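Enquirer: These are the residues of each chain, in order.
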Amino acid sequence: MNALQQEIAQLIIDTLNLEDVAVDDIPPDQPLFGEGLGLDSVDALELALALQKRYDIRIASDSKDARQHFTTVASLAAFVQAQQDACKS
Amino acid sequence: MRFRIDQYQAWAPTLDTHEVWEAWAHQPTHLPDNNEQPACDFLPAMQRRRLSRLARMTMHVAWPLCGENEQLPFVFASRHGETPRTFALLSEVADEQPLSPTQFGLSVHNAIAGQWSILRGQHGESVAIAGEADTFEHAMVEVATLLEDGAAAALVVIAEERPPAAYDSWIDDVPFSYALAIKVGKIQEGDNTQTGQHWELRLEPAGEGSAASEWPHALDLVRALHGQSNTLIHTWKTRRWTWQRVR
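Protein chains in written order, with this note's numbering: chain A, 1 to 89; chain B, 1 to 247.
Hints may be right or wrong, so weigh each one.
Claimed, not checked - Using C-beta positions, here's what the derived DEER-type ranges look like:
#, chain 1, residue 1, chain 2, residue 2, range
1, B, E68, A, G38, 21 to 29 Å
2, B, T238, A, Q10, 34 to 42 Å
3, A, G38, B, G121, 40 to 48 Å
4, A, Q30, B, F87, 33 to 41 Å
5, B, V141, A, Q30, 46 to 54 Å
6, B, Q47, A, P31, 13 to 21 Å
7, A, A3, B, A45, 23 to 31 Å
8, B, H18, A, D24, 56 to 64 Å
9, B, P98, A, A3, 45 to 53 Å
10, A, P27, B, D173, 15 to 23 Å
11, A, D24, B, Q7, 54 to 62 Å
12, B, T14, A, D14, 58 to 66 Å
13, A, D14, B, D173, 28 to 36 Å
It should be emphasised that the hints constitute simulated quantities derived from the structure, not laboratory data.
Remember, predicted model here, so these are calculated numbers, not experimental data.
Backbone N, C-alpha and C define an ideal beta-carbon position, used for all residues, glycine too.
Build out the structure end to end from the sequences listed, making use of the hints.
Expert: See below:
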């Protein structure tokens with residue numbers, strides 16, 4: 001797990017108030033929603049808000065890619081990285 | 001109106017067993033409120049994550065009063081509701097920050113009643129009320145109507161949370177956070193085998209110069225249920241409520 005993935009796993013735990021869950025309990029490739037960690041649609045909204053605040057990025061709620069980005073910690077980290085790189089260039 | 005109090009369970013900071021409540025009932029004191037909250041570890045962590053402090057207090061007191069396969073009409077009463085949540089949301093609005101979808105979604109008075117119904121698979125009647133300092137008595141009126149309507153028993157919870165300091169000039173009737181759940185049953189006249197404490201609650205116009213009670217009404221009843229008295233008189237504005245132990 002790279003540093004950004006760890007940071008995002010921790011953000012998920014803090015934002016969604018996941019008691020008794022540690023960063024290591026969320027492997028980067030584990031599905032976050034439904035089977036897997038078990039998050040739901042309200043969590044998705046909450047998480048999108050937290051990511052926007054933390055990384056100063058924009059997530060279009062109607063984007064068909066959003067579902068893809070939110071699949072796992074790894075896909076979220078890749079998305080955040082891409083957004084940040086895009087802002088720098 | 002008359003009813004049976006079959007079981008009850010109360011919670012306040014540092015008070016969560018029958019024995020410590022017994023001691024408090026005998027000698028009530030002002031408890032420091034340091035944001036303690038019940039663990040609610042009868043629920044998996046993933047189901048606890050959206051329970052606020054007031055919700056946890058409610059689940060903690062109500063949980064043991066409802067049987068595994070029992071359906072009980074539910075009355076949730078709170079005069080002030082979740083003031084910490086309201087204050088946090090208003091602060092975000094003032095700071096022009098986006099609101100948390102979870103917090104916003106749960107910021108209605110019947111949210112906790114809804115969470116109870118989901119977590120316990122309850123699909124009967126559910127009522128959430130807010131009144132004045134006699135909210136508790138109004139909740140009992142709701143319970144009485146449910147019993148009158150045919151329910152064999154009903155569950156009532158009154159829960160109050162110590163509000164943020166910003167509310168200090170307006171809210172003076174929550175000395176510390178507390179919750180009380182009571183399983184209330186219908187009295188079958190002539191049936192002497194019925195258990196529980198039997199009480200009568202009467203409403204009359206209040207006379208001049210009646211003083212408000214020292215403790216919140218629900219905590220006063222906890223004291224009475226622990227045998228400290230057989231009669232309680234709770235006056236608020238024009239209303240005088242008399243609780244009388246019948247048996």
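Enquirer: Give a verdict on every hint.
Expert: Each hint, compared with the structure:
Taking 21 to 29 Å as the suggested C-beta distance range, the pair E68/B and G38/A conforms, at roughly 24 Å. At roughly 55 Å, the beta-carbon separation of T238/B and Q10/A lies outside the given 34 to 42 Å, and the hint is violated. The beta-carbon spacing between G38/A and G121/B, approximately 18 Å, falls outside the hinted interval of 40 to 48 Å. Take Q30/A and F87/B: their Cβ atoms lie about 36 Å apart, and the range 33 to 41 Å holds.
Look at V141/B against Q30/A: about 51 Å separates their beta carbons, and that is inside 46 to 54 Å. A hinted range of 13 to 21 Å for the beta carbons of Q47/B and P31/A is consistent with their spacing of about 19 Å. The hint said 23 to 31 Å for the Cβ distance between A3/A and A45/B, and at roughly 26 Å that hint holds. For the pair H18/B and D24/A, the beta carbons lie near 41 Å from each other, so the given range of 56 to 64 Å is not met.
About 27 Å separates the C-beta atoms of P98/B and A3/A, a value inconsistent with the hinted range of 45 to 53 Å. Distance hint check for P27/A and D173/B: the Cβ-Cβ separation is about 50 Å, which falls outside the suggested range of 15 to 23 Å. At about 43 Å, the beta-carbon gap between D24/A and Q7/B misses the expected band of 54 to 62 Å. At roughly 28 Å, the beta carbons of T14/B and D14/A sit outside the given window of 58 to 66 Å.
The hinted window of 28 to 36 Å between D14/A and D173/B holds, with their beta carbons roughly 34 Å apart.
When each numbered hint is compared with the structure, violations occur for hints 2, 3, 8, 9, 10, 11 and 12.
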